[in-house]
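Asks: Following the working numbering, the numbering of the sequence shown begins with 52 at its first residue and continues without gaps.
It should be emphasised that the hints constitute simulated quantities derived from the structure, not laboratory data. Among the hints, erroneous ones may be present.
Taking CB as the label site, the calculated pair distances span [as the list claims (entries may be wrong)]:
id	residue 1	residue 2	range
1	M57	Q133	49 to 57 Å
2	V63	G120	50 to 58 Å
3	A128	I104	37 to 45 Å
4	K103	Q133	39 to 47 Å
5	F86	Y111	31 to 39 Å
Each computed DSS-like pair below joins lysine-lysine, with the alpha-carbon atoms no more than 27 Å apart [stated by the list, open to error]:
id	residue 1	residue 2
6	K130	K117
7	K103	K114
8	K117	K103
9	K55	K95
10	K103	K113
11	K130	K114
12	K130	K116
13	K103	K55
14	K106	K116
15	K117	K106
16	K95	K106
17	K116	K103
Since we're looking at a predicted model, the values are computed, not measured. A virtual CB, placed ideally from N, CA and C, is assigned to each residue, including glycine.
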Amino acid sequence: PAMKYMQYIMPVMFLGFFNTFASGLTCYLLFSNLFNITQTIVTKNYIINNEKIEKELEAYRKKPKKKGGFQQRLETALKEQQRIQEQKGEGQQRKKRKK
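Model the full structure from these sequences, guided by the hints.
Replies: Right under this line is the structure:
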């Protein structure tokens with residue numbers, strides 16, 4: 052949460068810190084930071100269309116997920132191992148019944 056406000060607080064703090072240095076450095080940092088803050092606000096509020104992005108995300112979430120090749124092979128191997136274990140279990144039960 053503190054990082055959220057750092058971009059707004061640091062330009063003011065730098066103004067005080069760099070006042071003892073050359074004035075060009077202070078002006079550069081101040082105006083550079085103010086420009087970046089303005090650019091961020093304009094981009095977030097006016098350029099990026101959040102509604103469009105949310106609709107695209109919702110449409111993406113509704114699509115069924117395809118299983119990748121590795122995941123499909125892993126599931127196939129797991130089912131095969133379960134089938135083998137079931138067959139072994141049935142074979143052992145038959146042996147016990149014969150005794």
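Asks: Given the hint of 37 to 45 Å, check if A128 and I104 actually sit that far apart at their C-beta atoms.
Replies: 39 Å Cβ-Cβ, so the 37 to 45 Å window holds.
Asks: Just to be careful, I want the Cα atoms of K116 and K103 compared with a cutoff of 27 Å; is the pair within it?
Replies: holds (22 Å)
Asks: CA of K103 to CA of K113, is that 27 Å or under?
Replies: Between K103 and K113 the Cα gap is close to 16 Å, so the pair holds against 27 Å.
Asks: Can you tell me whether the CB distance of K103 to Q133 sits inside 39 to 47 Å?
Replies: Since the Cβ atoms of K103 and Q133 sit about 45 Å apart, the hinted range of 39 to 47 Å holds.
Asks: Holds or violated: K95 and K106, Cα atoms, limit 27 Å.
Replies: Cα-Cα ~17 Å, so holds.
Asks: Given the hinted pair K103 and K55, is their Cα-Cα distance within 27 Å?
Replies: holds (25 Å)
Asks: Given the proposed pairing of K103 with K114, does the C-alpha separation stay at or below 27 Å?
Replies: holds (17 Å)
Asks: Tell me if the beta carbons of M57 and Q133 are separated by a distance inside 49 to 57 Å.
Replies: Holds, since M57 and Q133 (Cβ atoms, about 54 Å apart) stay within the stated range.
Asks: Please work out if K117 and K103 have their alpha carbons no farther apart than 27 Å.
Replies: This hinted pair holds, its Cα atoms lying about 24 Å apart.
Asks: Take the C-alpha atoms of K55 and K95, compute the straight-line distance between them, and say whether it is at most 27 Å.
Replies: holds (14 Å)
Asks: Take the C-beta atom of V63 and the C-beta atom of G120, compute their distance, and say whether it sits inside 50 to 58 Å.
Replies: At 54 Å between Cβs, range holds.
Asks: Does the structure keep K130 and K117 at a Cα separation of 27 Å or less?
Replies: OK: K130 and K117 at ~19 Å, within 27 Å.
Hint compliance for this structure: every hint is met.
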